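Asks: Protein chains in written order, with my numbering: chain A, 30 to 185; chain B, 48 to 272.
To be clear, the hints were calculated from the coordinates, so they are not data collected in a lab. You may find that some hints are simply not true.
Claimed, not checked - Computed list of lysine to aspartate or glutamate pairs in DMTMM-like fashion (alpha-carbon distance at most 20 angstroms, straight line):
#, chain 1, residue 1, chain 2, residue 2
1, A, K88, B, D206
2, A, K82, B, D203
3, A, K82, A, D99
4, A, K88, B, E241
5, B, K237, B, E110
All values derive from a computational prediction rather than experimental measurement.
Here is what each chain is made of, one letter per residue.
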Amino acid sequence: MSNHKIDVWVGLFVFLGIIALVFLALRAGNLSSFSFAETYSVQAKFDNIGGLKVRAPVKSAGVVVGRVSDIRFDDQTYQAIVTFNIDQAFEFPLDTSASILTSGLLGEQYIGLDAGGDDLMLASGDSITLTQSAIVLERLISQFLYGTAEQEGAAD
Amino acid sequence: MLFRRPRLTVQQVHFIGNYSLVIIAVSGLFVGFVLGLQGYYTLNRYGSEEALGLLVALSLTRELGPVVTALLFAGRAGTSLTAEIGLMKAGEQIAAMEVMAVDPVRRVLAPRFLGGIIAMPVLAAVFSMVGIIGGWIVGVLLIGIDAGAFWSQMQDGVDVFDDVLNGVIKSVVFGVAVTLIALFEGWQCKPTPEGVSRATTRTVVAGSLVVLGLDFVLTALMFSN
Numbered sequence: 030m031s032n033h034k035i036d037v038w039v040g041l042f043v044f045l046g047i048i049a050l051v052f053l054a055l056r057a058g059n060l061s062s063f064s065f066a067e068t069y070s071v072q073a074k075f076d077n078i079g080g081l082k083v084r085a086p087v088k089s090a091g092v093v094v095g096r097v098s099d100i101r102f103d104d105q106t107y108q109a110i111v112t113f114n115i116d117q118a119f120e121f122p123l124d125t126s127a128s129i130l131t132s133g134l135l136g137e138q139y140i141g142l143d144a145g146g147d148d149l150m151l152a153s154g155d156s157i158t159l160t161q162s163a164i165v166l167e168r169l170i171s172q173f174l175y176g177t178a179e180q181e182g183a184a185d
Numbered sequence: 048m049l050f051r052r053p054r055l056t057v058q059q060v061h062f063i064g065n066y067s068l069v070i071i072a073v074s075g076l077f078v079g080f081v082l083g084l085q086g087y088y089t090l091n092r093y094g095s096e097e098a099l100g101l102l103v104a105l106s107l108t109r110e111l112g113p114v115v116t117a118l119l120f121a122g123r124a125g126t127s128l129t130a131e132i133g134l135m136k137a138g139e140q141i142a143a144m145e146v147m148a149v150d151p152v153r154r155v156l157a158p159r160f161l162g163g164i165i166a167m168p169v170l171a172a173v174f175s176m177v178g179i180i181g182g183w184i185v186g187v188l189l190i191g192i193d194a195g196a197f198w199s200q201m202q203d204g205v206d207v208f209d210d211v212l213n214g215v216i217k218s219v220v221f222g223v224a225v226t227l228i229a230l231f232e233g234w235q236c237k238p239t240p241e242g243v244s245r246a247t248t249r250t251v252v253a254g255s256l257v258v259l260g261l262d263f264v265l266t267a268l269m270f271s272n
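Just chain B, same shape as in the assembly (with noise of 0.2 angstroms):
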């Protein structure tokens, strides 16, 4: 599907991914700013401020940059394609296309299955990015901690496969669920008014449990020696 017809997927890519973009680096942005803040206020009262890079980095690419941007993708990326696709039944499109012997489930629910689960670990990985950088505006520029232990810190207490490794299989396995979970709820939703935007609403709520329960398993199968 993603080689015979690379166009869908890429249009797919662009409607999740960058109209994503600008919500998920704001949140980013701020979620750092507030670790920032929070993070020095505590390390403070041990007199180890050096930590507070160390403290940013990992809570963003472990916990945060994965499951914040899942919960912001539920609501932004998640809704759209859940009232699209009921959108599509409740206009008989969908019936329409298999009329004309189109595959729905070719033409519409795999491409959006494949850019969801493309876009979703790039949106984690710009938050994360976009976190460190608000905790470092915070941190070094606003409070004053130095930056050489800013930055050192953090690249000693941070290990590309234990955790940026396995915080991009967070976001990947997110990306499933989520993309699942709309495309679930859109294709099955009652084709009337009332049917879609329950199904929104449903992608919402259950993209979001899901998302929090599937983080605790995670976390303890990667993080628990």
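Chain A on its own, in the form it takes in the complex (with noise of 0.2 angstroms):
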């Protein structure tokens, strides 16, 4: 085969690693999910975050507006202190609440920003005060048993 046959071949091969390699990074991967769009970071302390994690996406009605970029231990008030980046596009009031969400049953968590009536609006560096922690199972159930032992008590 002559030589300038096998570089056309050669080519196509590693133009055909190319293609393999955009498809598994856009139609497999997140990379089209992935914005370099200009953010400003938010925090916010909950009393417990359940199972939320670095990476976890921070939704407002159910749309992606931003990311949850670290998570620490404040050991003054022993809550979480959840440090996330907002989308620069989106703005919004001062007194949004944020909580802390479970997508389906058992599906991943994620914060829930739900829009105040402030007119001053959240800059970077600000810290939403209003949260509501994420619900654990365990409680719940337990919170369930409790009471209905109770009621089982008091109607005996």
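Please dock the two separately framed chains into a single complex, following the hints provided.
Replies: Next up, the structure:
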């Protein structure tokens, strides 16, 4: 086979490899949802973050508006400090509340933002004061069990 | 070496890569088919068939793509490298090169090594892509899982850096390991028909074992939080 033909075939081979990588990154992976847009970071303190992880989505009305960037523990208040980046394109009022929600019954956890009515908007470095912790399934079940036990005790 | 004689490396990429493409693509397709069928069987018990796309994509990009490609690579390309160099040695071509003041390490080994390192990640990426398409054919076209859920669950769970990039790193490491073993076995084999045949066998055995061992180490380093 002539050298020129080999060059063409090797070029096609490498090109096929690049196509495969692009396919893996865009079609199978999450590169298409990866945004390089400007963000601003906001903090929130939670009593319990449940199974929240770094890079978990931040959603408002079900739409992803940002991602969790850092989770730390504050040993003064014994709360979790969650820092997350919100896309610069979206502004939220200062009295926005953040809650940790679960997608589906046992799915992964995310932060849900409910906009308030304040005129001032959240800026970089602000913290959200109205927060609601994750619902821990075991506590929910034990509350329910104690509740029914109390009711049965009262009925006797 | 790569820059002074690029022609030699291009020839080796053609010899190692292009000729392995058919076996890699066909194996990838069937591995994808089987992953689709077996994954559906298990996931169906838990009522989460939509996660099939995620299962197929994660198993291929993280493990099966690089590992199975490397095993096939050792069998398809590694053996031919060992046999070629072993027969060069048996035919005293390498000694003749030295007489002509041509460095056989530069002329024979280096282009083959570079060719193997270039070809292996390409083959692994093609394997993973074809495998995912195979899983899609079985899951969506034959079984009838919702196509939107299949792809969106996959995109939700497969991280470009954690999963895809680590898979590519694995395939590069395996490419280096298998090519080095193949070249070494060919280079130091006894220049007899029996010696060449033993060296070829050792390439497959040692190459496969090293790939599996390295895979365990790499997986432990990459995916344990």
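Asks: Taking the hints in turn, state whether each one holds.
Replies: Structure-based check of each hint:
1. K88/A - D206/B: 19 angstroms, holds
2. K82/A - D203/B: 14 angstroms, holds
3. K82/A - D99/A: 9 angstroms, holds
4. K88/A - E241/B: Since the Cα atoms of K88/A and E241/B sit roughly 67 angstroms apart, the hinted pair is violated (cutoff 20 angstroms).
5. K237/B - E110/B: Distance ~36 angstroms between K237/B and E110/B Cα, so the pair is violated.
This entry does not satisfy hints 4 and 5, going by the numbered hints stated previously.
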